[in-house]
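> These are the residues of each chain, in order.
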Amino acid sequence: MKISKKIIDNLKKGGVDFYLSVPCKLLANMIDILENDKDVYYSAVPREEEGMGICAGAYLGNKFPCIMMQNTGIGNSVNAIVSLLQLYQMPVVFLISYRGTPGEPVGAQGGMAKITQDILQTLRIPMLHCSSENDLEKISTFSKHAKVVESPVAILCDFNLMKDDK
Amino acid sequence: MNRFDLLNKIQNILKDNLVICNIGLPSQELYKINDQPNFFYMLGSMGLSSSIGLGLSLSQNKHVISIDGDGSVLMNMNTLATIGNRAPSNYTLLIIDNGSYGSTGDQRTFTDENTSLKDVALGAGCKKVIECSGEETLNQLSKAIEDKNNSYVIISKINSGNVKIDPIPLNPITIRDRFRKFIGIVKYL
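Here the protein sequences line up with chains D and A, keeping their order. Everything in the first sequence is counted per this note's numbering, starting at 1 for the first residue and increasing by one. Everything in the second sequence is counted per this note's numbering, starting at 1 for the first residue and increasing by one.
Pulled out of the complex, with its shape left as it was, chain A reads as follows (with noise of 0.2 Å):
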């Protein structure tokens, strides 16, 4: 299973969501399969699915869904510290971890040698740590979005590849205003 399979296999549970993800080939994969107005792509800031997620579920009640990478985590490693003491039980990271740099070229990331992020997730502080095949990740995502008391961490391990795709045809102020409009904030479209 690659990065494509699984987004097609949690279509659905993030269609319920609101889902923060990742730049690159995940949006444009997500953006192929079944775009939707409640997916926040993002064009650049490479590292901060994570925090855009956190700081959205800090500040409404809808469950959020942020979608990252572990060559993204990787580079803003931070985050797993401030999830770890600050996230609320609206909050699920999901690390879509294949060991690889997609995007660029499938370079192979730490990830793939030594560094285990399960483990940083936990010596960072994050309770609820969950590392699992890609045919799981569904029902572990279902599991953290319906317990109202913990924010999760979803470590799911697969395999690297891409598929062929074009960039994301949408400017960043439709992504923004159609994304705020689902949650209730902007009126006037």
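Excised from the complex, chain D in its bound form (with noise of 0.2 Å):
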């Protein structure tokens, strides 16, 4: 829970209200801080795409969203990141459970995994990549940035990282 905590304290540091997600175990311990945060909004979705759009619509309401994701729902929202988030310039914030790095136990997130970094290069989204308790101490300013630049930015969470955020 520690981890997961300072995770969610620090995107809060970072000014982020509004919070989805498609649930991933790496993010389970997130989801029940966040269910019980009366200070934010939260929801699940069901598609990652579909929640690329509600972020759109809650950046226009003046919130600074965030959606939650394994590293597999890049690949559903490529045209929603690009066409809507980058066109119109609105900052979100991904962060995302990065399966398929070491100490991942399914050998099928492996190849999503090896191009996670590749696609969001293409995509020009700025990138951090948290893979010790210290990386987390980042993720505030790394927030404040997605506004100060208008764009969506991307949190890696590694697996060996969360897995033993009991």
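These aren't lab readings, by the way, just hints derived from the structure by calculation. Treat the hints loosely; a few may be bogus.
[Stated by the list, open to error] The list that follows gives simulated cross-link-like pairs (lysine-lysine, DSSO-like), each with its CA atoms no further than 27 Å apart:
(1) K147/D / K62/A
(2) K187/A / K13/D
(3) K12/D / K9/A
(4) K12/D / K114/D
Put the complex together from the two separate chains, hints included.
Laid out in structure tokens, this is it:
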């Protein structure tokens, strides 16, 4: 719970006040925290691409949104990221559980893991790769950066960083 | 009645609300009929009008009308489940259902065959789902906006057909900033 709490605290410190998720077991603690947090909006959504649309609307309504998802969700969302969030320059934080990185028991997750950073680079999305607890301190500044540059940004949380966060 | 006639008929009610308008001909026709700063024209991301409007209605108190199409809703059908569980009462989804992909040359959609978006919306958990003719749409829209306790999905059944029209000349940041200025967020314009 310590890692998950730290991530949410830092997102909130960065101004994020509207959260969606397409669940992942590595995000489960964060979802628990958000469901019990009366200061922010939280909901699950069925699909990441749809979540990008809801985040865009939340930004238009003066919220600072974050969508939590597995790295597979980026694959589901490419057109929405480019032709909505980037076209209209909308800041949204992607909090991504980086499935398929070392420690991952499911071999099939490896395929998307290998190309996740390449996709984000191709999309010119600023990235913060968190592999240790110390990296989490950078999350609040990095979130604020999204607002300053009016762009979606991606935070990748390695499997091994999240897996023992009981 | 086609989409252009319908948009003409409901323009006065749209003018008083926040409107998210679907990509392609719906936005181009609305722009031509009566451009307003509180109209957010989609220039990409087909399928997401309902979702953008939902996020907006959850984030501020003004009434939001998402103008969507049958083809677009078929592309993002999970949106109806999210609306059925999460939409606040300041949200109305207006699906202009002409049974065709109008912007791409009027190819038939599945609503022109076996699919009923009314049934899908009801099954997805939307409580107030109205299917009506183009002529009745204005009346149904005003009732939906007046009801402060429920969100609505209105499916307006009209004929296919488009008018010849130019692309919207506004750039995306202009659309974004004048919309947010109308809500009272952007102060510098």
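> Which numbered conditions among the earlier hints are violated in the structure presented, ordered from lowest to highest?
Hints 3 and 4 are the ones this structure does not satisfy, whereas the remaining hints hold.
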